[in-house]
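There are 2 protein chains.
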Amino acid sequence: MTRRGTVAVPDLVARARGGEAAAVARLVTLVEDASPVLREVMAALAPHVGRAHVVGITGAPGVGKSTSTNALVGALRRSGRRVGVLAIDPSSPFSGGALLGDRVRMGDHALDPDVFIRSMGARGHLGGLARATPQAVRVLDAAGFDVVVVETVGVGQSEVEVAGLADTTLVLLAPGMGDGIQAAKAGILEVGDVYAVNKADRDGADRTRRELRSMLTLAERREGAWRPPVLATIASTGEGIDRLLEEVDRHAAWLAETGELARRRTTRAAREVEAIALATLRERWAAGGAAELDRLASLVAAGDLDAFGAADELVTRAAD
Amino acid sequence: MTRRGTVAVPDLVARARGGEAAAVARLVTLVEDASPVLREVMAALAPHVGRAHVVGITGAPGVGKSTSTNALVGALRRSGRRVGVLAIDPSSPFSGGALLGDRVRMGDHALDPDVFIRSMGARGHLGGLARATPQAVRVLDAAGFDVVVVETVGVGQSEVEVAGLADTTLVLLAPGMGDGIQAAKAGILEVGDVYAVNKADRDGADRTRRELRSMLTLAERREGAWRPPVLATIASTGEGIDRLLEEVDRHAAWLAETGELARRRTTRAAREVEAIALATLRERWAAGGAAELDRLASLVAAGDLDAFGAADELVTRAAD
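If you read the sequences in order, they're chains F and U. So for the first sequence, our numbering puts the first residue at 1; every next one is plus one. So for the second sequence, our numbering puts the first residue at 1; every next one is plus one.
Read the hints as simulated data drawn from the structure, not as lab findings. For each residue, glycine too, the CB sits at the ideal point set by N, CA and C. Check before you lean on any hint, since a few could be wrong.
Unchecked claim - Here are a few chain F residues that face chain U, going by a calculated C-beta distance under 10 Å: (1) P36; (2) L38; (3) V49; (4) A60; (5) P134; (6) R227; (7) R271; (8) T280; (9) R284; (10) L296; (11) G303; (12) E313.
Generate coordinates for the entire structure from the input sequences, incorporating the hints supplied.
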């Protein structure tokens with residue numbers, strides 16, 4: 001037992017690694033709230049990370065992300081794996097970012113002790129999710145989940161780029177959600193490792209798959225590069241989901257064999273380090289009484305100083 | 001005339017302000033390419049900015065953003081205003097981010113000397129568009145366009161948050177593109193100043209408007225806050241577009257009366273300054289031979305260092 005209001009980090013990490021869901025949840029909250037013990041938490045987790053396979057699931061609103069995540073979690077459980085899920089919702093003003101809908105739709109696994117589900121919203125200042133999400137992934141990784149699924153709203157999210165966060169990125173589409181040019185505009189052609197056209201029983205599903213395949217073929221890829229499969233799923237009935245998991249696993253094997261896994265994880269760590277460094281600098285800029293950044297911004301908005309001159313002043317003060 | 005390869009910035013700015021489209025285009029290119037004379041360009045523009053009203057147009061792929069932009073530009077022209085358009089496309093691998101589709105659809109105004117249209121793609125490193133877009137807005141502002149329209153792909157774009165960029169943000173929806181919860185998840189309830197359900201002749205348009213209205217009512221707003229109208233448009237025929245412009249203009253007047261305009265512009269300037277400061281620091285971190293950030297990220301990925309420790313090292317080096 002710890003005293004009320006204090007946190008015994010080593011104990012919490014040990015309990016999370018022992019499979020205690022409440023301890024995992026507490027660690028994610030500490031991460032999300034940028035608790036004063038956050039540094040201690042991350043240092044305690046560091047030796048235990050790197051084992052989980054991180055799967056990102058993304059796609060435009062309405063393609064069935066939550067249903068697909070639910071179905072994929074089911075398939076992972078059938079294969080005997082423990083699964084952690086982070087549903088990222090950067091912008092809802094309701095309930096601190098976590099919509100009831102997510103929890104309801106993930107209800108199939110709500111009582112399974114080997115599934116941990118958490119909705120994360122944007123708390124605090126800009127950049128909060130960019131910092132907290134990779135750290136929450138580390139929590140679930142260190143807690144021993146075999147797979148961490150990160151579900152994000154939309155492609156090209158402002159703060160949480162799932163493609164930078166995941167080992168394997170799964171992009172969902174739905175029939176008739178836009179022609180080829182729209183798909184290209186949405187920027188999905190670069191980020192996916194596996195594509196699934198969900199709601200494949202609807203009109204136009206074959207056409208959407210065909211178009212996507214031909215656009216992926218047009219996009220130049222290096223010799224020996226991974227060629228993303230384009231699958232058909234009906235997440236609400238589970239159709240195609242086992243095949244989807246097969247492709248995710250095949251991609252995981254490919255990542256490990258080619259050394260791409262290490263490269264992706266270094267990139268991910270770089271973004272995380274950069275986000276923390278930036279947050280640190282922002283705090284310094286916002287401190288110092290008069291809120292230096294606001295003062296400089298007012299001058300720029302008034303045309304009395306250009307943005308580069310203002311940035312120079314900020315950077316100089318980063319050293320202080 | 002300038003020598004080949006050199007740029008006479010004061011001359012270029014003067015010509016752009018005189019209405020010469022080629023000079024405006026050249027300035028936007030200098031901004032986009034982060035030219036060595038970029039600082040000089042921004043300093044030369046600074047005294048001339050702040051007059052244009054900046055309208056952001058956003059919405060999910062398939063709602064008809066380009067068609068709506070085209071129609072709105074037509075309405076603005078009928079009211080005698082000069083219009084600059086930036087179409088932001090952060091992610092397409094084709095044609096450097098500028099898809100032919102945009103230009104084709106904007107074809108109504110391609111020959112109008114009082115309309116300037118430019119597609120901007122993601123060139124260069126991460127953060128490029130975050131830096132370049134507000135600067136390109138400044139170029140068009142300083143060049144004397146009465147309204148600058150910034151069309152972005154999707155809501156919550158990774159780099160270009162139109163809500164942070166614009167004085168008035170117009171959010172487009174289409175019928176049946178997702179129910180209320182989906183709309184909330186997409187994060188559109190906070191960013192819009194004016195909402196339009198486009199393709200209003202399609203089934204479900206009234207329902208989408210009703211749902212959106214009730215969700216906007218649920219979202220708490222301060223006393224005296226702007227209440228975003230929810231309009232119906234058919235951009236392809238122009239129906240509802242004059243009303244749309246009326247609401248944009250009404251919002252512009254409200255911004256000026258309440259002092260909110262100055263506040264938004266200061267916020268915008270702060271983001272711009274911060275983006276430049278960050279880019280400066282990133283360059284320093286990437287320089288120094290061994291690419292400090294990569295070295296630290298490798299340690300973090302391997303579990304030999306936690307991300308905070310790595311960030312501390314980076315921030316310390318920002319001062320060097």
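Against the structure, the hints:
no.	hint	result
1	P36	violated (12 Å)
2	L38	holds (8 Å)
3	V49	holds (6 Å)
4	A60	holds (6 Å)
5	P134	holds (8 Å)
6	R227	violated (15 Å)
7	R271	holds (8 Å)
8	T280	holds (5 Å)
9	R284	holds (8 Å)
10	L296	holds (6 Å)
11	G303	holds (5 Å)
12	E313	holds (9 Å)
Checked against the numbered hints given earlier, this structure breaks hints 1, 6; the rest are met.
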